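Fit chain B to the given chain A structure using the hints.
2 protein chains.
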Amino acid sequence: MRLSKTFIKTLREAPKDEIARNGALLSRAGYIHKELAGIYDYLPLGVLVLEKIKHIIREELNAIDCEEVQMSALQNPEPWEATGRFSDQEVDIWFKTELASGGLLGLAPTHEEPMVNMMKTYVSSYKDLPVYVYQFQTKFRNELRAKSGIMRGREFLMKDLYSFHTSEKDLDDFYSKVEGAYAKIFERLGLGDSTYETFASGGIFSKFSHEYQTILPVGEDTIYYNKDKSLVFNKEVFNDEVLAEFGATKSDFEEAKAAEVGNIFKLKFKYSEPLGLKYTDESNQAQVVYMGCYGIGVSRVMGVIAERFADDKGLVWPEAVAPFKYYLVGIGEKGMDAAAKLYTGHENEILFDDRNARPGEKFADADLMGMPYRIVISDKTLDQDALELTDRKTGESKLIKLVDFRLD
Amino acid sequence: MRLSKTFIKTLREAPKDEIARNGALLSRAGYIHKELAGIYDYLPLGVLVLEKIKHIIREELNAIDCEEVQMSALQNPEPWEATGRFSDQEVDIWFKTELASGGLLGLAPTHEEPMVNMMKTYVSSYKDLPVYVYQFQTKFRNELRAKSGIMRGREFLMKDLYSFHTSEKDLDDFYSKVEGAYAKIFERLGLGDSTYETFASGGIFSKFSHEYQTILPVGEDTIYYNKDKSLVFNKEVFNDEVLAEFGATKSDFEEAKAAEVGNIFKLKFKYSEPLGLKYTDESNQAQVVYMGCYGIGVSRVMGVIAERFADDKGLVWPEAVAPFKYYLVGIGEKGMDAAAKLYTGHENEILFDDRNARPGEKFADADLMGMPYRIVISDKTLDQDALELTDRKTGESKLIKLVDFRLD
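So the sequences go chain by chain: A and B. Note that the first sequence covers residues 0 to 407 in numbering that gives the first Met the number 0. Note that the second sequence covers residues 0 to 407 in numbering that gives the first Met the number 0.
Bound-form chain A, shown alone:
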């Protein structure tokens, strides 16, 4: 991409009411545009980051045989009434809207009910199970406050996966597979070191669920981890009774602020029972379907990555989610020509700052936009038949002979 050809530009000021660092930096660097608190547009660079995150998640879920669907945002109240969750007392973040032909609709804050309801069409026998279905879908949550940039949206992108099984054992096995996939996903996203699977509160049918929490000073959650981080608890289950089960005491743990980037949940019969999702087993008996659900906040992950790695100069993207691997600056006529030559054929790997602007301005924008590597080609580097490669994270620069340099 050529910077001279894109409409985006870096901004000196973030939107006035943008107090979250991720929101401010992403706005200033031209990744997002704020519509209202918790409601954002994604600009070309932002779309690329979201697509890279989605691609990683999609690959890992497809590898464990999950199938991708796309469900509607507008919600028929019926299945939600069957579980009691259409009530604003029960779920207090509904956006609701009136159908012109009469009746209320909801805007999906999550999709358990329509998913279970849909499966009644496709699951009737034990032969139809297991089923693993996911989507990337915009969720709507009518939050009273939304001050965390894209880390807490009123409208946000989520990956939600639902699994359906004939037995608790089968659910447990798949749940473990998802744990494996999630470990790979957060590793590939660059959050492996800082993201922990924590024990969180369960529900009617399960003692615990699990959350994926990324250590982050501005995180809304608090987690407790032991010395080797093998045992991590969410605040809500961090009490003597629970700890005793694990042979631990509070003094073994340290506290940290964290942001929830995913969660996994053994729902068992929570939704399948009230919605009547049953199958006939091998002896022709009707049985309720076991179920699990597994979320990752896609746009939130983008915000968390922005928060986690940013420094005082701007964003710092891990290579796997960076919109481009390189930010290319040509200085002087010869430098610009050589840069243009390097760029050709590598439009998807290089963000080429071909603007008519001062080097200092280009360097500042390179830092703010946060591509993993900056390449500078100038008369000075060309004197040595070289380019200068700078690591955005460490700030280390080195000269590399043009003949030796490989974009990969």
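Bear in mind the hints are in silico, worked out from the structure with no lab data behind them. Possibly wrong hints are sitting among the right ones.
DSBU-like cross-link-like pairs, simulated, lysine-lysine; straight-line CA separation at most 35 Å [as the list claims (entries may be wrong)]:
no.: 1; chain 1: B; residue 1: K183; chain 2: A; residue 2: K340
no.: 2; chain 1: B; residue 1: K324; chain 2: B; residue 2: K312
no.: 3; chain 1: A; residue 1: K8; chain 2: B; residue 2: K269
Not everything, but these chain B residues come out facing chain A in the computed CB check (under 7 Å) [stated by the list, open to error]:
no.: 4; residue: V46
no.: 5; residue: E67
no.: 6; residue: V68
no.: 7; residue: T96
no.: 8; residue: A99
no.: 9; residue: L103
no.: 10; residue: M117
no.: 11; residue: Q286
Everything numeric in this text was worked out from a predicted model, so none of it was measured. Where a beta carbon is used, it is the ideal one built from N, C-alpha and C, also for glycine.
Same frame as chain A, but now just chain B:
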């Protein structure tokens, strides 16, 4: 994809209230699931078709330097109030919803207002123009009736492109480029022969806009075309006064039913003026930005393709948008083994019917699901070291030696 591994299955009956053929066939064949009238879920095969349509559109728009963004569905009323379009009298298909913290929001039925509003952040000088920005975005329209399957959704996927210019000439030039891109898009979608660019009514600033209409008996529109189809009018502008301008009379034309799959519109100052989108020209004078908009109904195109090519056995997909090129059936133990061998490594091109089912059932599902080619490998074909390849459209079959067959 292996049919034994996916949760979808063909259904004997369409949803009871599904009167549109596209909705009924796509439901029965396992591409979509109906939530409510005009509100659908897309199942794995449906997601693949949508992705292929998006891919074609994206390629052709990127080729004319358009940039992809993703705007929000939830709408701040402010810019819409500036153009008068937040009013339900002015725009009668709004879904509106209440923000918990107070105030009404809309669900975007289109995106001119937020797009123009956003551009006020990025466009200030003639140097910032032109700008071409598009998105694939879910639109919400509170239709009183929605009985046309996925051809008229209350929630549907649309590609909308907006262009911003310093002059009418620049707008005209880009408009022509979009006409070129649209011709390529509909050609690639398999709708080239049957889709016409028609004159439609303009607006405040332009005498005409253009619609892309695909000839279709169940289409909601009526178009009029002359003998060589060089001149095509939408019903609303098909009158003596307009025809006289083109030196034509009504008797030169034939009538046909058609479905609108796209439209392009020279908006000029329609939105930029009330929203105050201006730039400073070379003499430092403030000027209003010229603007165009260009839509394609992505999910509607899927419905139109389904309607247009289906026969009494089921769907018939053009190769470019088919979820898979081949539907593979193995018959008998040897046939199944050979089929499995052929399938390996070609999971993205072949839908492998590896179910334990009768050949007749598999053939019926192959026809209903509509992949362009059916491959059958049985003991009988293997006796001749061959497979049988059947063209879904023509029904023609031929035996091809296994050694000669290439998947491409």
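Each hint tested on the structure:
For the given pair, K183 (chain B) sits about 30 Å from K340 (chain A) by alpha-carbon distance, which is consistent with the 35 Å threshold. With a CA separation close to 18 Å, the supplied pair K324 (chain B) and K312 (chain B) stays within the 35 Å bound. Between the alpha carbons of K8 (chain A) and K269 (chain B) the distance comes to roughly 26 Å, so the proposed pair stays at or under 35 Å and holds. At a threshold of 7 Å, the smallest CB-CB gap from V46 (chain B) to chain A is about 5 Å, leaving the interface hint in force.
A least Cβ separation of about 5 Å between E67 (chain B) and chain A falls short of the 7 Å threshold, and the interface hint therefore holds. For V68 (chain B), the shortest C-beta to C-beta distance to chain A is roughly 5 Å, which falls under 7 Å, so the interface hint holds. Evaluation of the T96 (chain B) hint against chain A yields a held restraint, the C-beta minimum of about 4 Å falling below 7 Å. For A99 (chain B), the suggested interface contact is upheld, since its CB lies about 4 Å from the closest CB of chain A, less than 7 Å.
For L103 (chain B), the interface hint is violated, the least distance from its beta-carbon to any beta-carbon of chain A being 10 Å, above 7 Å. Because the closest C-beta pair between M117 (chain B) and chain A is about 5 Å apart, less than 7 Å, the hint holds. At a threshold of 7 Å, the smallest CB-CB gap from Q286 (chain B) to chain A is about 17 Å, leaving the interface hint violated.
Of the numbered hints listed earlier, those contradicted by the structure are 9, 11.
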